[in-house]
Amino acid sequence: MNIQVNGQQQQFPNESNLKVTDLLAGFELKEQRGIAVAINDRIIPKSQWPQTQLADGDIIEIIRATQGG
Amino acid sequence: MNEDFLQVGPYRFQSRLLVGTARFANYQLMLESVQESGTELVTVAIRRVDLAASKDFGVLDVLGGQYTLLPNTAGCFTARDAVFTAQLAREALETDLIKLEVIADDQTLLPDSEQLLIAARELVADGFVVMAYSNDDPVLCRKLQDIGCAAVMPLGSPIGSGMGIRNPYNFQIIREFLEVPMILDAGVGTASDAVLAMELGCDAVLLNTAISGAKDPVAMARAFRLAVESGRAAYLAGRIPRRLYAEASSPIVGMLPSLEES
Numbered sequence: 001m002n003i004q005v006n007g008q009q010q011q012f013p014n015e016s017n018l019k020v021t022d023l024l025a026g027f028e029l030k031e032q033r034g035i036a037v038a039i040n041d042r043i044i045p046k047s048q049w050p051q052t053q054l055a056d057g058d059i060i061e062i063i064r065a066t067q068g069g
Numbered sequence: 070m071n072e073d074f075l076q077v078g079p080y081r082f083q084s085r086l087l088v089g090t091a092r093f094a095n096y097q098l099m100l101e102s103v104q105e106s107g108t109e110l111v112t113v114a115i116r117r118v119d120l121a122a123s124k125d126f127g128v129l130d131v132l133g134g135q136y137t138l139l140p141n142t143a144g145c146f147t148a149r150d151a152v153f154t155a156q157l158a159r160e161a162l163e164t165d166l167i168k169l170e171v172i173a174d175d176q177t178l179l180p181d182s183e184q185l186l187i188a189a190r191e192l193v194a195d196g197f198v199v200m201a202y203s204n205d206d207p208v209l210c211r212k213l214q215d216i217g218c219a220a221v222m223p224l225g226s227p228i229g230s231g232m233g234i235r236n237p238y239n240f241q242i243i244r245e246f247l248e249v250p251m252i253l254d255a256g257v258g259t260a261s262d263a264v265l266a267m268e269l270g271c272d273a274v275l276l277n278t279a280i281s282g283a284k285d286p287v288a289m290a291r292a293f294r295l296a297v298e299s300g301r302a303a304y305l306a307g308r309i310p311r312r313l314y315a316e317a318s319s320p321i322v323g324m325l326p327s328l329e330e331s
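In order, the protein sequences belong to chains A and B. Position one of the first sequence corresponds to residue 1 (the numbering used here), numbered consecutively onward. Position one of the second sequence corresponds to residue 70 (the numbering used here), numbered consecutively onward.
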């Protein structure tokens, strides 16, 4: 399946049963504080990351705080 | 203990200086500058995680714990984007504070008043403590207060311009209109701008480039700490009225008679 993460297309096996936590782990973001995740413009609370499954065509944004004025 | 504090919604601060964390040459310089400024409230932006870059030393690791983080919605052109960014910020940083910016275009970075009001209404209804970056328009500032913003932040001049307060008379009117804190946001160039802002009755000053872009950011951070304290003290002390002609300060009684010309 194809999903888009922060503007980049990513491919995963169709039978991968991918959860938000798995995706974050893949980017070494699993233990990271200060991250928020949205799927198709809907924010997924941290508590729901372990059970929220990703689907083909999902558009995912992973954000954090950075330097700003 | 200092009894003169800045109250933004449920949050209380001793310092009346808010500092942005952008455009410093490195984290060390940012940290030293923030520290020297005496601020307790620092602004951060919300951006995509760079998936290719190292995941170490996010700004949260560097500043979190020591300072209250104030996420902004910088770069948002619509109410919809600003609300979404605020909600992401709340989820990421576990804070209800938001510096709401909805800008009209890249050249001026001036607020889009219409979109700003829409976003402010939504965020207040959603439980945010909204600090709204506003034009220096007294009517708009009053509307933002009426909507329920916890602070209204009129600009002195465009972001990063260093032009200071272009319309001090509007600030005087805004001061009369507002009960929530009035915070000067944007346009500050040097310490005297901050002093003037505080003397005009601002409750605080928010700036970034004036420190990060200075030749010596840490020294400038100190200058701003002193400026805000000084301006606040002068405002509370109450200045003398302006008059067109002189008024002698030394007593007139007991003057020696003028010497006669020989």
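Just so you know, the hints here were simulated from the structure itself, not pulled from any lab data. Every value quoted in this text rests on a predicted model; they were computed, and no experiment measured them. Cβ atoms here follow ideal geometry from the backbone N, Cα and C, with glycine treated the same way. Keep in mind that a hint or two might mislead.
Each computed DMTMM-like pair below joins lysine to aspartate or glutamate, with the alpha-carbon atoms no more than 20 Å apart [claimed, not checked]:
# : chain 1 : residue 1 : chain 2 : residue 2
1 : B       : Lys212    : B       : Asp195
2 : A       : Lys46     : B       : Asp195
3 : A       : Lys46     : B       : Glu329
Covered by chain A, per the in silico footprint, the following chain B stretches (three or more residues, Cβ under 8 Å) [said to hold, decoys possible]:
# : segment
4 : 237–245
5 : 289–295
Simulated restraints, written as ranges between beta carbons of each label pair [unchecked claim]:
# : chain 1 : residue 1 : chain 2 : residue 2 : range
6 : B       : Pro237    : A       : Asn2      : 22 to 32 Å
7 : A       : Pro50     : B       : Glu72     : 27 to 37 Å
8 : A       : Gln51     : B       : Asp150    : 54 to 64 Å
A quick look at each hint next to the structure:
1. At most 20 Å may separate the alpha-carbon atoms for a hinted pair to count; Lys212(B) and Asp195(B) meet this at roughly 18 Å.
2. At roughly 19 Å between alpha-carbon atoms, Lys46(A) and Asp195(B) fall within 20 Å of each other, so this suggested pair holds.
3. Between Lys46(A) and Glu329(B) the alpha-carbon distance is near 91 Å, which puts this suggested pair outside the 20 Å criterion.
4. Check on the segment 237–245 of chain B: 0 of its residues sit with their Cβ under 8 Å from a Cβ of chain A, so the three-residue criterion for coverage is violated.
5. Here the segment 289–295 of chain B counts 0 residues with a CB under 8 Å from a CB of chain A, which misses the bar of 3, and the coverage is violated.
6. Separated by about 56 Å at the C-beta atoms, Pro237(B) and Asn2(A) break the suggested range of 22 to 32 Å.
7. With their beta carbons about 48 Å apart, Pro50(A) and Glu72(B) fall outside the hinted range of 27 to 37 Å.
8. One distance hint, 54 to 64 Å for the beta-carbon pair Gln51(A) and Asp150(B), is violated here, with the actual separation near 28 Å.
The structure shown violates the earlier hints numbered 3, 4, 5, 6, 7, 8.
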